[in-house]
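**Q** Take a look at the letters that make up each chain.
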Amino acid sequence: MQPITLDTVQKEIDNYLNQDVYLHLETTNGAYASHFNQSFFSVGAYIRNAKVNFERGIITGDKAPYRAGLKIELGWVYAEGLTHWEVNEDGQLLLAGHDAEGKLAVALQLSPHPFE
Amino acid sequence: MSHEHVLVVFPHPDDEAFGVSGTIAMNTKKGVPVTYVCLTLGEMGRNMGNPPFATRESLPKIRKKELQAAADTLNIQDLRMWGLRDKTVEFENPKTLAARIGNVIEEIKPTLIITFYPGYSVHPDHEATGRAVIRAVEQLPEDQRPVVHAVAFSNDCYEMLGEPDVVNDVSSVSHQKLEAIKAHRSQTEWIIAAMAEENPEKVPEVLKRINKEQFWTYKF
Numbered sequence: 001m002q003p004i005t006l007d008t009v010q011k012e013i014d015n016y017l018n019q020d021v022y023l024h025l026e027t028t029n030g031a032y033a034s035h036f037n038q039s040f041f042s043v044g045a046y047i048r049n050a051k052v053n054f055e056r057g058i059i060t061g062d063k064a065p066y067r068a069g070l071k072i073e074l075g076w077v078y079a080e081g082l083t084h085w086e087v088n089e090d091g092q093l094l095l096a097g098h099d100a101e102g103k104l105a106v107a108l109q110l111s112p113h114p115f116e
Numbered sequence: 001m002s003h004e005h006v007l008v009v010f011p012h013p014d015d016e017a018f019g020v021s022g023t024i025a026m027n028t029k030k031g032v033p034v035t036y037v038c039l040t041l042g043e044m045g046r047n048m049g050n051p052p053f054a055t056r057e058s059l060p061k062i063r064k065k066e067l068q069a070a071a072d073t074l075n076i077q078d079l080r081m082w083g084l085r086d087k088t089v090e091f092e093n094p095k096t097l098a099a100r101i102g103n104v105i106e107e108i109k110p111t112l113i114i115t116f117y118p119g120y121s122v123h124p125d126h127e128a129t130g131r132a133v134i135r136a137v138e139q140l141p142e143d144q145r146p147v148v149h150a151v152a153f154s155n156d157c158y159e160m161l162g163e164p165d166v167v168n169d170v171s172s173v174s175h176q177k178l179e180a181i182k183a184h185r186s187q188t189e190w191i192i193a194a195m196a197e198e199n200p201e202k203v204p205e206v207l208k209r210i211n212k213e214q215f216w217t218y219k220f
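From first to last, the protein sequence lines stand for chains A and B.
The first sequence begins at 1 in our numbering and counts up by one.
The second sequence begins at 1 in our numbering and counts up by one.
Just chain A, with the same shape it has in the complex (with noise of 0.2 Å):
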């Protein structure tokens, strides 16, 4: 992956528009958040193959991290803290927010055929 510049990935994301295509969303803290510090917080959400037609698909922000929302028929998708992209070997285009420690705690996918 490399670090998200932004006019290269809204082109990425234009390419997805009014289509049916696959998401997968994903937050995490990690499942030992709070194995390591009792007092911790530990949230997640994941979603994959949810299928979504967007016609409005925007990554934005001043720097990195970035934020990016997508206006769905009946309402929203969105992810903050991204900071690396690719468009990998299936043809998928994958945004995720690494830490410092480049573990991941965010990702926000698009794919036009199911993910794996």
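Fair warning: there could be bad hints in the mix.
[Unchecked claim] Straight-line alpha carbon distances no greater than 27 Å define the calculated BS3-like cross-link-like pairs of lysine-lysine that follow:
hint	chain 1	residue 1	chain 2	residue 2
1	B	K182	B	K212
2	B	K29	A	K103
3	B	K61	A	K103
4	B	K65	B	K29
5	B	K64	A	K103
[Claimed, not checked] Okay, the calculated beta carbon distance ranges per label pair:
hint	chain 1	residue 1	chain 2	residue 2	range
6	A	G44	B	E107	55 to 65 Å
7	A	N49	B	E138	33 to 43 Å
8	B	K95	A	I47	23 to 33 Å
9	B	I192	A	I47	41 to 51 Å
10	A	S34	B	Y158	13 to 23 Å
11	B	K109	A	Y46	32 to 42 Å
12	A	E116	B	D156	33 to 43 Å
13	B	T96	A	A33	53 to 63 Å
14	A	F40	B	E189	31 to 41 Å
15	B	Y158	A	E116	35 to 45 Å
16	B	F220	A	T5	52 to 62 Å
17	A	G91	B	N103	47 to 57 Å
18	B	R145	A	K71	55 to 65 Å
19	B	R145	A	A100	47 to 57 Å
Hints were generated in silico from the structure; no laboratory data involved.
None of the values given here were measured: they were computed from a predicted structure.
All C-beta atoms, glycine included, are put in the ideal place defined by N, C-alpha and C.
Using the hints, position chain B against chain A.
**A** Below, chain B without anything else, positioned relative to chain A:
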């Protein structure tokens, strides 16, 4: 009874590395077959590296290779990857999962099973795996149940379970154990680095006692 067979059941590819791989190597060294059932590919691991070497989508492919390499290092002849999804094991039907494990037990007739101790193993996947194994063993008549050596590491495990009753000295296979830990490079690279630095603050407790592997015999 001359027949011996060890069954290891864990949810993630590196769950065996720190606390069990020495025991596995000791067994394969003396010719005892080991079957390792690994429920997921650790798809939800968080360590992607800085700069990143993996993505959410490539991680399971990497970890699958690492698991195979670790199994080869430990001379595990029977490695079974069940293809469940990391962090979802507790949401699977517990009866179905226990039945599936029960089928393996019936097939290989293990004399020893190693898994997580339900209630004391922190990660929801560990808990669900341990519960399913115990449930499967409980279905067997008492005199046919294999011994279960359970791994526990919750903050309250000593308080609740007492001292572990099984402590294996694995120093004779420590080289193999270290190789197995290194095989799971995507998960253990930072730990290996900390060891190389000989920085006692960064090296996890489990590595300070790398030659001792501890278990609690499960009481049914």
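**Q** Now tell me if each hint is right for this structure.
**A** Comparing the hints with the structure gives:
1. K182(B) to K212(B): holds, 18 Å
2. K29(B) to K103(A): violated, 37 Å
3. K61(B) to K103(A): Given pair K61(B), K103(A) holds - Cα atoms ~18 Å apart, limit 27 Å.
4. K65(B) to K29(B): At roughly 23 Å apart (the allowed maximum being 27 Å), K29(B) and K65(B) satisfy the hint.
5. K64(B) to K103(A): holds, 19 Å
6. G44(A) to E107(B): 55 to 65 Å: The hint (55 to 65 Å, Cβ to Cβ) is violated, given that G44(A) and E107(B) are roughly 36 Å apart.
7. N49(A) to E138(B): 33 to 43 Å: holds, 35 Å
8. K95(B) to I47(A): 23 to 33 Å: holds, 26 Å
9. I192(B) to I47(A): 41 to 51 Å: Because 34 Å falls outside the window, the suggested range is violated.
10. S34(A) to Y158(B): 13 to 23 Å: Holds - the Cβ-Cβ distance for S34(A) and Y158(B), about 19 Å, lies within 13 to 23 Å.
11. K109(B) to Y46(A): 32 to 42 Å: Holds: the Cβ-Cβ distance is about 38 Å, inside 32 to 42 Å.
12. E116(A) to D156(B): 33 to 43 Å: Taking Cβ atoms as reference, E116(A) and D156(B) lie about 38 Å apart, which means the hint holds.
13. T96(B) to A33(A): 53 to 63 Å: violated, 30 Å
14. F40(A) to E189(B): 31 to 41 Å: The hinted range 31 to 41 Å is violated for F40(A) and E189(B), with Cβ atoms some 24 Å apart.
15. Y158(B) to E116(A): 35 to 45 Å: holds, 41 Å
16. F220(B) to T5(A): 52 to 62 Å: Given a distance of about 59 Å, which is inside 52 to 62 Å, the answer is holds.
17. G91(A) to N103(B): 47 to 57 Å: violated, 39 Å
18. R145(B) to K71(A): 55 to 65 Å: holds, 57 Å
19. R145(B) to A100(A): 47 to 57 Å: Given range 47 to 57 Å: holds, Cβ gap about 48 Å.
Checked against the numbered hints listed earlier, the structure breaks hints 2, 6, 9, 13, 14 and 17; every other hint is satisfied.
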